[in-house]
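Student: Here are the chains, one letter per residue:
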Amino acid sequence: MKALKYLLVKEYKQMFRGYLIPALFVLVPFALTNLVPRIATQEVSNLDIAVIDNDRSSVSKRLTEKISTSKFFNFQSLCGNYIEAYDLLQRGDVDFIITIENGIEKNLYREGTAKMMLSVNSVNGMKGGLGNNYLTQIIMQYTKELNEETGYSMASPMNIRPRFLFNSQLDYKPYMIPALMSLGLILLMGFLPALNMVSEKEKGTIEQINVTPVGRLEFILSKLIPYWTVGLFIVGFSMLLAWKIHNVVPAGSIFLVFLFAVVYIMTVSALGIIVANYSDTMRQAAMMMFFFIIIFALTSGLVSPVSSMPDWAQEITRLNPVRYIIAALREIFLKGSTFTQLLPQFIPLCIYGLVTMTCAVFSYQKKQ
Amino acid sequence: MTEKIIIKAERLTKQFGHFTATDHITFEVREGEIFGFLGANGAGKTTAMRMLCGLSQPSDGWATVAGYDVATEPEKVKRNIGYMSQKFSLYDDLTVEENFTLFGGIYGMSRKEMKEKTTRLLEELDFASERKTLVKSLPLGWKQKLAFSLAIFHDPKIVFLDEPTGGVDPVTRRQFWELIYQAADRNITVFVTTHYMDEAEYCDRVSIMVDGKIEALDSPANLKQQFGVETMYDVFYALARKAKRGDS
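Protein sequence lines, in the order shown, are assigned to chains A and B.
Residue numbers for the first sequence follow this note's numbering, beginning at 643 and rising by one.
Residue numbers for the second sequence follow this note's numbering, beginning at 963 and rising by one.
It should be emphasised that the hints constitute simulated quantities derived from the structure, not laboratory data.
Here the structure is a predicted model, which means the values were calculated and not measured.
Heads up, a few of these hints could be off.
To be verified - Straight line, CA to CA, 27 angstroms or less: simulated DSS-like cross-link-like pairs of lysine-lysine:
#	chain 1	residue 1	chain 2	residue 2
1	B	Lys-1175	A	Lys-647
2	B	Lys-1175	A	Lys-644
3	A	Lys-655	A	Lys-815
4	A	Lys-647	B	Lys-1119
5	A	Lys-843	A	Lys-769
6	A	Lys-769	A	Lys-647
7	B	Lys-1049	A	Lys-1009
Go ahead and model the full structure; you've got the sequences and the hints to work with.
Tutor: As structure tokens, this is what we get:
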């Protein structure tokens, strides 16, 4: 193990000799924690809507006004008939059409009911669904208002008041930042060791190492340790940015965040080495890593929750290390979960780490 | 040069699928000798050399290097050899000194020893001013001299050189061979492949490989006599033109 010291000096020197790699260590966390949470929000807004008001009463005019002043909707136009509005929807100018029937005010005061039709473009299902919800809320609110003003009791839908736990503002950021941190780590800590290792193959320098008595474990550790230290820096830096920029801090222990990060970084960096050991060129290694990262990212719960996947897919996600870290970090950030509560994430991640590390060392062959 | 055998290969063979790169070669190399390992492109030289260095597992036959079996004790072999590959083998993004420190450290040399040795070596090469220069900014001829110095930095018993002088001018090649002689004087056995027949003349003994087999093995003078020709070039030409394998 004496050689490890010299190999590490070499790796650190090479890492910081260029500008590009150290720049990535700062830029990636910055982009992922600062920029992306602002852009990739799941809040749907700016929904374009057309209104067909066949009643033209004060009740219908007030409803139109309520819709157009809502922060979720962009009031596009008041159409004379459905054909005209549908034409707008076809052209993509609007996604929602609300048709207010003739005589709505009269019926409302006489019978306590009012009919409206809502047409939703559901090419984008989530957008359609959320828009529908928002509109229902607006109408419910309006019904309540009318009830209070007139004293009538219109058949108002059930009144459910949600109480949102852990993330009371339903803020997207504390939910996304831990996931984006995990993504950034696999991007840097998976890719860079893989490319580093393969570049030694391409240049032929690895041959010079293979012909020395350096041990396999020593050499692999010399490739991984520098990235582990940088990985921990990135975790700390990302948390600092999340705190300073978005005021998002973990509800739980920072130590736990680091603990999970250590095991996770070990896993993904070892995975990078395994990929490199089976690749001869940078191109092969990069394509393999892309494959893993895309599959891992999509099945990790980053975009769609694991619990809403089909059962067989949920089973597959058990093979995904990113799933565990995202789940764990979200729990720590939002719920402040403790170590024992997080064991279901910690244990699989540790197993994953041990297996990948072992494979990384044994798949590195000094001899062909 | 002693009569002690330092490399011994017996029916050493490497097969890649149906292709036999090195076909049952048997030879011996004596301690302290400069052994030229010749052959056309694709004759199987590099494959044979990689087996001797413990980088490639023999498919058949056996070989010992410095007394250790290359198939079963490759890490012990590696303690005793230096190797300079065809591909360029220094770290481009490290300085001259950092390269020496890295490999010295790997072989367990002390810092003091490495420092002194680097200083002495660079002075001998008249290269002391480039100690802190990045290797990538050096000319090819210099890189090759440094790569050789690095290969023998830890005083191995044997140094393997795979086409060490490819692509450099005759003057630099000449200087390179002076380094090889100096190493041989220090009783380091030199095992070298080359395509330059003038270099073959510098060797104590040469072997010539054709299509994976050793077709001739003797001193350059004896070989010339045996083939009744004036130069090593003619010897090589007489053997290599029989080759069926082309460029690989």
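Student: Hint by hint, note whether the structure agrees.
Tutor: Do the hints match the structure? See the list:
1. Lys-1175/B - Lys-647/A: The hint is violated at about 43 angstroms.
2. Lys-1175/B - Lys-644/A: Violated, because 41 angstroms separates the two Cα atoms, which is more than 27 angstroms.
3. Lys-655/A - Lys-815/A: violated, 37 angstroms
4. Lys-647/A - Lys-1119/B: Answer holds: Lys-647/A to Lys-1119/B is near 25 angstroms, not above 27 angstroms.
5. Lys-843/A - Lys-769/A: violated, 48 angstroms
6. Lys-769/A - Lys-647/A: Status violated; Cα separation ~55 angstroms.
7. Lys-1049/B - Lys-1009/A: holds, 17 angstroms
In the structure shown, a violation is registered for the earlier hints numbered 1, 2, 3, 5, 6, in ascending order.
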